[in-house]
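*Asks:* Chain residues, written in single-letter form:
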Amino acid sequence: MRLGKIARKLECELQGSPEIEIDGVAGIEEATERQLTFVSNPKYFSKLKETRAGAILLSRDGPKSSIPTLISDNPYLAFAKSISLFYTPPEPIPGIHPTAFVAESAVLGEDHSVGPNVVIAEGVRLGENAILYPNVTLYPYVEIGDDFLAHSHAIVREHCKIGNRVVLQNGAVVGSDGFGFAPRSDGSYFKMVQSGIVVLEDEVEVGANSCIDRATVGETRVGLGTKIDNLVQIGHGSAIGKHSVLAAQVGLAGTTRVGNHVTLAGQVGVAGHLTIGDRVIATARTGIGRSVAPGKTVSGAPEMDTGLWKRNYLLMHKFPELVRTIRDLEREVAALKKKIE
Amino acid sequence: MRLGKIARKLECELQGSPEIEIDGVAGIEEATERQLTFVSNPKYFSKLKETRAGAILLSRDGPKSSIPTLISDNPYLAFAKSISLFYTPPEPIPGIHPTAFVAESAVLGEDHSVGPNVVIAEGVRLGENAILYPNVTLYPYVEIGDDFLAHSHAIVREHCKIGNRVVLQNGAVVGSDGFGFAPRSDGSYFKMVQSGIVVLEDEVEVGANSCIDRATVGETRVGLGTKIDNLVQIGHGSAIGKHSVLAAQVGLAGTTRVGNHVTLAGQVGVAGHLTIGDRVIATARTGIGRSVAPGKTVSGAPEMDTGLWKRNYLLMHKFPELVRTIRDLEREVAALKKKIE
Amino acid sequence: MRLGKIARKLECELQGSPEIEIDGVAGIEEATERQLTFVSNPKYFSKLKETRAGAILLSRDGPKSSIPTLISDNPYLAFAKSISLFYTPPEPIPGIHPTAFVAESAVLGEDHSVGPNVVIAEGVRLGENAILYPNVTLYPYVEIGDDFLAHSHAIVREHCKIGNRVVLQNGAVVGSDGFGFAPRSDGSYFKMVQSGIVVLEDEVEVGANSCIDRATVGETRVGLGTKIDNLVQIGHGSAIGKHSVLAAQVGLAGTTRVGNHVTLAGQVGVAGHLTIGDRVIATARTGIGRSVAPGKTVSGAPEMDTGLWKRNYLLMHKFPELVRTIRDLEREVAALKKKIE
Chain A
1 MRLGKIARKL
11 ECELQGSPEI
21 EIDGVAGIEE
31 ATERQLTFVS
41 NPKYFSKLKE
51 TRAGAILLSR
61 DGPKSSIPTL
71 ISDNPYLAFA
81 KSISLFYTPP
91 EPIPGIHPTA
101 FVAESAVLGE
111 DHSVGPNVVI
121 AEGVRLGENA
131 ILYPNVTLYP
141 YVEIGDDFLA
151 HSHAIVREHC
161 KIGNRVVLQN
171 GAVVGSDGFG
181 FAPRSDGSYF
191 KMVQSGIVVL
201 EDEVEVGANS
211 CIDRATVGET
221 RVGLGTKIDN
231 LVQIGHGSAI
241 GKHSVLAAQV
251 GLAGTTRVGN
261 HVTLAGQVGV
271 AGHLTIGDRV
281 IATARTGIGR
291 SVAPGKTVSG
301 APEMDTGLWK
311 RNYLLMHKFP
321 ELVRTIRDLE
331 REVAALKKKI
341 E
Chain B
342 MRLGKIARKL
352 ECELQGSPEI
362 EIDGVAGIEE
372 ATERQLTFVS
382 NPKYFSKLKE
392 TRAGAILLSR
402 DGPKSSIPTL
412 ISDNPYLAFA
422 KSISLFYTPP
432 EPIPGIHPTA
442 FVAESAVLGE
452 DHSVGPNVVI
462 AEGVRLGENA
472 ILYPNVTLYP
482 YVEIGDDFLA
492 HSHAIVREHC
502 KIGNRVVLQN
512 GAVVGSDGFG
522 FAPRSDGSYF
532 KMVQSGIVVL
542 EDEVEVGANS
552 CIDRATVGET
562 RVGLGTKIDN
572 LVQIGHGSAI
582 GKHSVLAAQV
592 GLAGTTRVGN
602 HVTLAGQVGV
612 AGHLTIGDRV
622 IATARTGIGR
632 SVAPGKTVSG
642 APEMDTGLWK
652 RNYLLMHKFP
662 ELVRTIRDLE
672 REVAALKKKI
682 E
Chain C
683 MRLGKIARKL
693 ECELQGSPEI
703 EIDGVAGIEE
713 ATERQLTFVS
723 NPKYFSKLKE
733 TRAGAILLSR
743 DGPKSSIPTL
753 ISDNPYLAFA
763 KSISLFYTPP
773 EPIPGIHPTA
783 FVAESAVLGE
793 DHSVGPNVVI
803 AEGVRLGENA
813 ILYPNVTLYP
823 YVEIGDDFLA
833 HSHAIVREHC
843 KIGNRVVLQN
853 GAVVGSDGFG
863 FAPRSDGSYF
873 KMVQSGIVVL
883 EDEVEVGANS
893 CIDRATVGET
903 RVGLGTKIDN
913 LVQIGHGSAI
923 GKHSVLAAQV
933 GLAGTTRVGN
943 HVTLAGQVGV
953 AGHLTIGDRV
963 IATARTGIGR
973 SVAPGKTVSG
983 APEMDTGLWK
993 RNYLLMHKFP
1003 ELVRTIRDLE
1013 REVAALKKKI
1023 E
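Protein chains in written order, with my numbering: chain A, 1 to 341; chain B, 342 to 682; chain C, 683 to 1023.
Possibly wrong hints are sitting among the right ones.
Claimed, not checked - Think about it this way: if two alpha-carbon atoms lie no more than 30 Å apart in a straight line, the pair counts; the simulated BS3-like pairs of lysine-lysine are:
#	chain 1	residue 1	chain 2	residue 2
1	A	Lys47	C	Lys978
2	B	Lys659	C	Lys1020
3	C	Lys1021	A	Lys337
4	C	Lys729	B	Lys532
5	B	Lys659	A	Lys296
6	C	Lys725	B	Lys637
7	C	Lys978	A	Lys318
8	C	Lys1020	B	Lys679
9	C	Lys691	B	Lys532
10	B	Lys422	A	Lys191
11	A	Lys310	B	Lys651
12	C	Lys1020	B	Lys680
13	C	Lys924	C	Lys978
14	B	Lys680	C	Lys1021
15	A	Lys337	C	Lys1020
16	B	Lys532	C	Lys746
17	A	Lys242	C	Lys873
18	B	Lys384	A	Lys296
19	B	Lys659	A	Lys318
20	B	Lys679	A	Lys339
21	C	Lys1000	A	Lys338
22	A	Lys5	C	Lys873
23	A	Lys318	B	Lys678
I should point out that these hints are in silico values taken from the structure, not numbers from a laboratory.
Working from the sequences, and respecting the hints, build out all of it.
*Replies:* Shown next as structure tokens:
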């Protein structure tokens, strides 16, 4: 594709020849002369000099480059969009595969693709343009909006409600039983029927093999546009706000409130019955044991202010030496006391 | 349902009018005037004044309330039981779905529900009242007791043995190969055939997408009534006792002994070849590197006594200041020494 | 089987009677008089005196034993091989099960076993001797070498490439979408098409319910002979070298380079854009936030040298006492200063 056409499609200003042929996109280190790349993080501006890329996406106030340049307000977003100019995933086959099982009472919207061995149980309502890859299972009375995309082995359990443009990656489980057991006097456990549901609002994505438990009563909710990575656990009765990001292997215990625009990095854990304010950032592996005020950045386990945590980490490298110093001081002070008295 | 009837069904003493109509149950903050709630944790007694609930479950020695009250020895357990008075999950369809595959040599007990695309391999023995949701796979020679409930995509591997009243949530894997590889002299690995099995005793529940590995030789065992949450890893050859609780994302390395009535909170990890005594509690994210004596409560990574861990955590907030104090003391002591000599 | 025959099959020197009958293998503590066991770790040499095993595998320079002994250069490897002398997993049924769906354009090598409800999409190429257990899904245009073994519910996504003798445990996901979202100016996220693939080189094993994300552009790669345990997350664009070992619940963030012969123990996390050198060992639960030089052993979160981490851990037990000592010293030094002035 010519660079001029790419510029038009990405709505970018072009600095350089529109005739240059571009075949694909790549990161700044890997890109070759027929590929488009980008830089948005100033940390990587220095790589501009070494790149072999044929063209580059930059912001207006970014560095200048001798390479043909596409100027964008948001080079990373433009790069994100450019990928689909060069790659289309295989088209799902329209219609219902003969090996799929669709209950008579299920209602499917138009233009669906239902793959082999998919199961759609009684009372399911599914919007338009649904794509269900092989072996997806929708339990009874599930309600799903338009443009649903469920990859193989994704599961939606009974009565759960899913909005429009939701994506489930492979093996994602929406609505598994909450972990609710009441102890009997002999120390054994009574299983509480998990009567609640899961609600996924519009544009939520759930990663591969992640699990979102249904509430014991009421609902577990994931807000508009929130993105959940692989192997994440959302405990029963939790509520996550809008446009938040939960990276891989994060765990929310249960009845946890997470605000809007929150970022929980990989392997973060959050205890139950807490409130995580809007725009909180928890760095990787943070263990959150108390509620966190809006806008804070936390680290460590249990969590503390990230600045303090970084200082402490550096100081821990001197911890054995500090202990020796304390012991030396004890001896010296004792000697001084003796001398003076 | 009238409150009088609820009191009879839950075997509670009623203080208030038996005529009150109750439609459902909810937590104390969410409950409305036609809902039943409960308080058992003294921490939440203060919420009694604000609740809009129509009725409440309390213990005999609990606080008094002006709301119609059901008196129970174990209000949380009574609440757990009350949920099923108002909610029943969709009934599984009796019989074997035509798309299921059941080997000729498999033996199924009475009153089963075998969903679409279920696979029951040769030599499987399944007790009465089994419910297998779509896409469940039972490998050859699996033996399972009565009242088995397996949700979609649950898997039981060859030769594993499962007791009565066991529940597998979606995507749970029982009997995957243990992670056993013997290093060759060139640094490559030889895969050891995993010849052992997994045994789940009666009333075990395994959470969604959790994995319990078969033993290399012998067995991996989960004891009576033990409950395992989602995304938990049980390494090969481990043995867990009775009525223990493993919360989400816990990992046991392998050949780990866990006692009875143990609680491992979310994201806890336990190294291999250790023994965790009866009634041990490990708080969330504890990393257990040594055996733990019965009855202890541990935290941190590596684990330490929870009391010490809490003190240390508070002190870490003063760590930079403490280091400055040590450096000040060094200077002052040096100055004092100079003066005196 | 007679011990003489076992010695021949394992290519070991026999010290003792070749007539002894052995029925199986077991660990040194569990082995009975008709079982073979082994010791290779000097830590367990003392158990030699107590074992009831009928025969034992030892190295030439190992301890002496009165039990009939098989001498091996690598007793653990010989033990690993001995298991398959006594146990064979159930044979998969040859051919394609009638409930499997195989696209017309898919090409399968000879001697395959394709189980019930398996889905092989268009354009898939599969080598000889493939075993696909029930409900395995191969997306379009997957290419796989010889001797592929995929357990139930394993999934390989579109265009991914897999070498020879690769094993996928149950529910393993190869090629799920990378977690790539570009923030828009309003704080919502744009999903980047994940146009890359996953490449698994020869002899890789992927554990149950583990997820290996496809690259945004380019590839995610796992090198020759690398073994991945259960519930592991490999972020998009990562590259793992040869003969490395990733234990259960490990997470690599994305674009992470891991060298050859690396060991990441259970629940280790590695941040993105880092390089982990050859032969690095990270002990359980290490949180790696910076690149690690070849040959290092690291622990803690964030990671530090394992020796330092161990010293710090021991010192943390004295942390409250050290703080009291510092406070005492402050008072004493102040008193001394007063006296002298």
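*Asks:* Each of the hints needs a verdict: does it hold here or not?
*Replies:* These are the hints, each one checked on the structure:
Simply put, A/Lys47 and C/Lys978 have alpha-carbon atoms about 29 Å apart, close enough for the 30 Å limit, and the pair holds. Of the supplied pair hints, the one linking B/Lys659 and C/Lys1020 holds, its CA atoms being roughly 27 Å apart against a limit of 30 Å. Distance restraint check for C/Lys1021 and A/Lys337: the Cα-Cα separation of roughly 10 Å lies within the 30 Å cut-off, and the hinted pair is therefore satisfied. With a C-alpha separation of about 26 Å, the suggested pairing of C/Lys729 with B/Lys532 holds against the 30 Å cut-off.
Taken as a hint, the B/Lys659 and A/Lys296 pair is honoured in the structure, with Cα atoms around 19 Å apart against an allowance of 30 Å. For the proposed pair C/Lys725 and B/Lys637, the alpha carbon gap of about 27 Å is at most 30 Å, so the pair holds. The suggested pairing of C/Lys978 with A/Lys318 holds, with an alpha-carbon distance near 19 Å, which does not exceed 30 Å. Distance restraint check for C/Lys1020 and B/Lys679: the Cα-Cα separation of roughly 15 Å lies within the 30 Å cut-off, and the hinted pair is therefore satisfied.
Between C/Lys691 and B/Lys532 the CA atoms are separated by roughly 17 Å; this keeps the pair inside 30 Å, and the hint holds. The suggested pairing of B/Lys422 with A/Lys191 holds, with an alpha-carbon distance near 9 Å, which does not exceed 30 Å. Taking the CA atoms of A/Lys310 and B/Lys651, the gap is about 19 Å. The hint holds against a cut of 30 Å. With a C-alpha separation of about 13 Å, the suggested pairing of C/Lys1020 with B/Lys680 holds against the 30 Å cut-off.
Restraint check for C/Lys924 and C/Lys978: satisfied, since their Cα atoms lie roughly 17 Å apart, inside the 30 Å limit. Between the alpha carbons of B/Lys680 and C/Lys1021 the distance comes to roughly 12 Å, so the proposed pair stays at or under 30 Å and holds. Between the alpha carbons of A/Lys337 and C/Lys1020 the distance comes to roughly 12 Å, so the proposed pair stays at or under 30 Å and holds. Among the hinted pairs, B/Lys532 with C/Lys746 is consistent with the structure: their alpha-carbon atoms are about 28 Å apart, no more than 30 Å.
For the proposed pair A/Lys242 and C/Lys873, the alpha carbon gap of about 15 Å is at most 30 Å, so the pair holds. Proximity of B/Lys384 to A/Lys296 is assessed by CA-CA distance (about 27 Å); at most 30 Å being required, the pair is judged to hold. Taking the CA atoms of B/Lys659 and A/Lys318, the gap is near 15 Å; set against the 30 Å cutoff, the hint holds. Taken as a hint, the B/Lys679 and A/Lys339 pair is honoured in the structure, with Cα atoms around 13 Å apart against an allowance of 30 Å.
Distance hint between C/Lys1000 and A/Lys338 is fulfilled; the C-alpha atoms sit about 27 Å from each other, no more than 30 Å. Taking the CA atoms of A/Lys5 and C/Lys873, the gap is about 22 Å. The hint holds against a cut of 30 Å. At most 30 Å may separate the alpha-carbon atoms for a hinted pair to count; A/Lys318 and B/Lys678 meet this at roughly 25 Å.
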